[in-house]
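Undergrad: Residue 524, in this note's numbering, is where the sequence shown stops; the numbers in between run on with no holes.
These are calculated hints, taken from the structure and not from any lab test. The structure displayed is predicted, hence computed values, not measured ones. Beta carbons are placed, not taken as given, at the ideal position from N, Cα and C, and that holds for glycine.
Derived EDC-like pairs (lysine to aspartate or glutamate); straight-line CA-CA distance at most 20 Å:
no.: 1; residue 1: 499; residue 2: 366
no.: 2; residue 1: 299; residue 2: 343
no.: 3; residue 1: 499; residue 2: 373
no.: 4; residue 1: 499; residue 2: 364
no.: 5; residue 1: 499; residue 2: 401
no.: 6; residue 1: 299; residue 2: 336
no.: 7; residue 1: 299; residue 2: 345
no.: 8; residue 1: 299; residue 2: 288
Pair by pair, the computed Cβ-Cβ distance ranges are:
no.: 9; residue 1: 468; residue 2: 265; range: 52 to 58 Å
no.: 10; residue 1: 370; residue 2: 323; range: 24 to 30 Å
no.: 11; residue 1: 302; residue 2: 229; range: 49 to 55 Å
no.: 12; residue 1: 205; residue 2: 302; range: 45 to 51 Å
no.: 13; residue 1: 224; residue 2: 469; range: 39 to 45 Å
no.: 14; residue 1: 215; residue 2: 328; range: 46 to 52 Å
no.: 15; residue 1: 232; residue 2: 336; range: 43 to 49 Å
no.: 16; residue 1: 404; residue 2: 215; range: 37 to 43 Å
no.: 17; residue 1: 468; residue 2: 262; range: 52 to 58 Å
no.: 18; residue 1: 451; residue 2: 486; range: 20 to 26 Å
no.: 19; residue 1: 397; residue 2: 229; range: 36 to 42 Å
no.: 20; residue 1: 231; residue 2: 488; range: 57 to 63 Å
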Amino acid sequence: MTVGGEDRRRISTIQLREMAAPGAHLLALRHGASVLREGLFGRAEDGDVLATGLAVDLTSRLSQLPNLSVTAWASSTHVAALDLTPKEAASRLGVRYLVQGTAQCDGLRARVTVALLDATDGREEWSEHFDRALPDLFALQDDITGAVIAAIEPAIERAEMQRALLTPPGSLNAWECFHRGLWHCFRFTDSDNEHAHQLFQRAIKIDPRFSRAYAGLSFTHYSRAFLDAAPVPGDDIRRALDFARQSIDLDGRDVMGHWCLGRVLFRSREHDQALGAVDRALDINPNFAQGHYVRGFIGAHAGLHAESLASVDLAERLSPFDPLRFAMKACHAVAITNQGAPRDAVEWAIRATQEPNAHFHVLAVAAGCLELAGRSDEARPYVERVMAQHPGYSVEAFQRAFPNKDEPEPRADARGSGSLWYSSRLRAIG
95 MTVGGEDRRR ISTIQLREMA APGAHLLALR HGASVLREGL FGRAEDGDVL
145 ATGLAVDLTS RLSQLPNLSV TAWASSTHVA ALDLTPKEAA SRLGVRYLVQ
195 GTAQCDGLRA RVTVALLDAT DGREEWSEHF DRALPDLFAL QDDITGAVIA
245 AIEPAIERAE MQRALLTPPG SLNAWECFHR GLWHCFRFTD SDNEHAHQLF
295 QRAIKIDPRF SRAYAGLSFT HYSRAFLDAA PVPGDDIRRA LDFARQSIDL
345 DGRDVMGHWC LGRVLFRSRE HDQALGAVDR ALDINPNFAQ GHYVRGFIGA
395 HAGLHAESLA SVDLAERLSP FDPLRFAMKA CHAVAITNQG APRDAVEWAI
445 RATQEPNAHF HVLAVAAGCL ELAGRSDEAR PYVERVMAQH PGYSVEAFQR
495 AFPNKDEPEP RADARGSGSL WYSSRLRAIG
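All chains, full assembly: derive it from the sequences and hints.
TA: The following block contains the structure:
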């Protein structure tokens, strides 16, 4: 599968007899990973079944992710028979990343260690170990495979963003332009958003059929409206909707187009349709952490408070170092407040403001939670920080960013759920 024109991320499942440290060598322009079985310990029959089963399952499951090109098992097995270092194996298979691991079984328990390796310099991008009881080998295999799949894709995405940031601007290809733009998007400032917009446009100029770049443009237009930076917010929402649909038309199996469509539909007060769009993204990739977060975010403003908390909890488990950590914690605060427990929400709201990339809306959520909890003196400094970051901030801007289902018009006496409840308190303290 091709991603971003000339660039591909490829994944292979291979077994190596030896693991030597690879040297620093840039492997063409393909980005990938290989699952390497390092060794077996304990009972050979259990270890062999587990290690081989994990490698086969990882190959199968990774091949379902639309942004990864997976090398066939037969090719991986052929390379495994050769006495190669990881760098050499990656070069033969045309991949950038390797997934290596060990399986140890003693008849009662199993320990599996898995690591994601960048074959160009031998750096570990992610690693984890799993200790499990061994009553059901296949259930154990499914459990570990699911956890590894959930971790690998965001780890590769983070590595690609960092790599793009280190690439000279004049040398960026379409894939690198996209990842550099995505890094700017997640900073949630007006200037970063405009920089991201230019990078996505550049990616499309290089590769007019790069679906994710169109999703990126949807993201930036949505952010202009969300961050109250659009002179005519409706125009940016319409453009965001158009670009999200264009992304889906180009590649309906890419989760980002559906994810962006869900966000735009939410902003357009189409909550049910928004949830449907996000659900399509999660059908494609059930381990898509940001998809679960956005489902929780929309649900928090659609009266689905318990479901919202479950979705955000899952998102945080799947991606504990996600660039949207601040938003996940803020969503926790909103959902808990909507359940009538603002005092319990305060800690989540304050923690959200302490995360990287937290924007002024998150500060406003903290102010609202504190006020609702009867802590007005503590709420006021957050309002002051909001006004310092975004002069002219208003209750109406908050309501536009966080629309409630079936409540298009704010009511001064609203005491129900979501943004209107917060808004009445923000108006009272600010």
